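Peer 1: Each residue of the sequence shown is one higher than the one before, starting from 9 at the first, in my numbering.
Just so you know, these hints were derived from the structure itself, not from any lab.
Each pair of labels, with its calculated beta carbon distance range: (1) GLU65 x TYR125: 22 to 30 Å; (2) LEU68 x LEU145: 34 to 42 Å; (3) ASP89 x THR124: 31 to 39 Å; (4) GLU120 x PRO91: 41 to 49 Å; (5) GLU50 x GLY97: 17 to 25 Å; (6) SER54 x LEU123: 18 to 26 Å.
Here are the computed lysine to any residue pairs in the SDA-like style, where the Cα-Cα straight-line distance is at most 25 Å: (7) LYS162 x GLY38; (8) LYS162 x TYR150; (9) LYS162 x LEU112; (10) LYS162 x VAL43; (11) LYS94 x THR47; (12) LYS162 x VAL59; (13) LYS94 x ARG67; (14) LYS94 x GLU155; (15) LYS162 x LEU60; (16) LYS162 x LEU126.
Given the structure is predicted, the values throughout are model-derived calculations rather than measurements.
The C-beta atom is built at its ideal place from N, Cα and C for all residues, glycine as well.
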Amino acid sequence: MVSRSNAKLLTLLKKKILNFTETMMIEIQGIDHVVLRSTQVESMLSFYCHVLGCEVERRLVDEGLTQLRAGNALIDIIDVDSPLGKLGGRPPQQNGRNMDHFCLQIQAVNQEELLTYLRGHQVDILPDAIRYGATGLGWSIYVHDPENNVVELKPI
9 MVSRSNAKLL
19 TLLKKKILNF
29 TETMMIEIQG
39 IDHVVLRSTQ
49 VESMLSFYCH
59 VLGCEVERRL
69 VDEGLTQLRA
79 GNALIDIIDV
89 DSPLGKLGGR
99 PPQQNGRNMD
109 HFCLQIQAVN
119 QEELLTYLRG
129 HQVDILPDAI
139 RYGATGLGWS
149 IYVHDPENNV
159 VELKPI
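Please model the entire structure based on the sequences and the hints provided.
Peer 2: Given below as structure tokens:
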């Protein structure tokens, strides 16, 4: 049996806990990682490393996973035919996409130089636009990666 003073203490603690959970807020700090399942792993690695400047951070060959460093985030490229890739279901399909696009913040650059650079790498460039993102309004360019995912590049 709980004494009267202990019951009051329990009631007070419950109120404090409930009040804490009601006022707690999650603050997103940025993108941690994006996972892309691929049927063209080498083309994807070439695009993200040689064109966009990512570096291989870690490879788990037996699982079919390569993790690329993209600033403060990671881009995971998973071979759809690997054990890990098979956990995600069917391979990516042109008509059945799991993601609209993702945005990579890039260092501020001259727009024409960036477009020329991408064209030089035969990157499929979509119409650019002024868009609102994590750092506010700004110019964004959209490109396709080798798996036809849309990647937004946003200079900050």
